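Q: Chains A and B, in that order, give the protein sequences.
So for the first sequence, the numbering used here puts the first residue at 1; every next one is plus one.
So for the second sequence, the numbering used here puts the first residue at 1; every next one is plus one.
Some hints here could point you the wrong way.
Pairs involving identical chains hold if they fit within one copy or between any two copies, as the list cannot separate such chains.
[What the hints assert, rightly or not] In silico EDC-like cross-links for lysine to aspartate or glutamate, where the CA-CA straight-line distance does not exceed 16 Å:
(1) 141 / 230
(2) 186 / 214
(3) 186 / 213
(4) 20 / 43
(5) 20 / 47
(6) 141 / 19
(7) 141 / 200
Source of the hints: derived by calculation from the structure; they are not laboratory data.
Predicted, not measured: the structure shown is a model, and the values here were computed from it.
2 protein chains.
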Amino acid sequence: MNLRKSLEAEQGLFIAEGEKVIRRAVGTGFPVRSFLMAHRWLEPLSDVLDTLDAPVYVADDATVEGVAGFQVHRGALASLERLPLPTVEDLVTRAHRILVLEDLVDHANVGALFRCAAALGIEAVVLSPRCADPLYRRSIKVSMGAVFAIPYARMPNWHEGLGTLRASGFRLLALTPDQAAVPLDKAPMGERVALMLGSEGDGLSSRWLNEADEAVCIPMSATAMSNGVDSLNVVAAGAIACHALLRP
Amino acid sequence: MNLRKSLEAEQGLFIAEGEKVIRRAVGTGFPVRSFLMAHRWLEPLSDVLDTLDAPVYVADDATVEGVAGFQVHRGALASLERLPLPTVEDLVTRAHRILVLEDLVDHANVGALFRCAAALGIEAVVLSPRCADPLYRRSIKVSMGAVFAIPYARMPNWHEGLGTLRASGFRLLALTPDQAAVPLDKAPMGERVALMLGSEGDGLSSRWLNEADEAVCIPMSATAMSNGVDSLNVVAAGAIACHALLRP
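Generate the whole structure from the sequences, applying the supplied hints.
A: Spelled out as structure tokens, the structure:
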């Protein structure tokens, strides 16, 4: 699986699974290399297949799974070419509310955060160099296709990444569980805001925390803190923060 | 696995996995039936083991996994007795902000929502009769122990369940993706509020929606809606709603 992960990204491919996701990927403009599906999917997907030159391989479910190397829940796969990502500068040119993810390693969390961001009107997502791939199969699935709906870019360099955003006029808000930080609802927003979220276990790096314009927190219940429940998972925290970011 | 799930609940048992969770379960007052762990855990857990009469079975990791029937990540397990749950009436006597979960089937989602609820100061959780078990191993793990920190009860009867809450003076808010509902931030709260969340796929049943005092929604981005991203997952939505519930 690790081999497939790295091959997919290096060779510029990704896999879309299931009719709905395939439709959205094709509709977003990703070129299709090939399809692999059980016979029963030919008819429902015929409108998509008919307009493309890509080869369609038809096989029984067991063969589809054997070729894919994972459990195929929806019987239809497409292999697509990635499109070149924009630079961070180009990505954020017209954006006012963006999300910046530092080193999230869990594909499901990345997918879930894209879904939150898209649903709540965040305009773009910037990934740190080591952040998990939004086009990995599990990210796509958990995002419900939001990885196709919201534009994103990857910083080429972790050290310089935030400088680029600041130069573009973004106010950098670092979300931290530290209850000494400014409560999110009380933080001044401004014209252009970048909300920074850190990795699942460790949160934001101290370097990024220090570079932020302001550290912000979601106030936790005092009872919960005394019971040892002192933080939210990154998706819950991100959802609350994206929602707060959009207040007038 | 289904056998284990039902046996656990029927026989009044549950399993705590890992030093931290075991400590919290024991600290919460659940009686321990037995421990099963690799030798290396005897020393770190000695303060807990020494105060209890429960037998401690020591085995190598492979045997622990073999007995457990699942992958044991942390090498230490405890089998504990459930305590009787309070009635819904007793549970909510002094609560002002509660969460009501209807038929969530995913243990990870139940665990994540308990974590949100506890961290954000929700005082109690009421489960519909068919809602997944908060003391199932995965729920406990994802909740980071919050299932021990926040009291909960299970409605004996789905039809009558909301009536009990209304009789206790709760205003019933039904969270729905329907954008025609009142935006959550604009809904009047009041002294006692019960926030209702529905199942992962279908949301709240129409019966419960109709019985609610008000249907509330989290406003979605118009762009996202046109891109087909028209909802949040139940944990993200629940996190935002719990946070909103606690506004002054």
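Q: Look at each hint and say if it fits the structure.
A: Hint check:
1. 141 / 230: between (29 Å within a copy, 15 Å between copies)
2. 186 / 214: Cα proximity of residue 186 and residue 214: one copy only (11 Å, versus 28 Å across).
3. 186 / 213: within (14 Å within a copy, 30 Å between copies)
4. 20 / 43: within (14 Å within a copy, 53 Å between copies)
5. 20 / 47: Classified as within; 13 Å inside a copy, 54 Å across copies.
6. 141 / 19: within (12 Å within a copy, 33 Å between copies)
7. 141 / 200: Between. Shortest inter-copy distance 15 Å satisfies the 16 Å Cα cut-off; intra-copy 19 Å does not.
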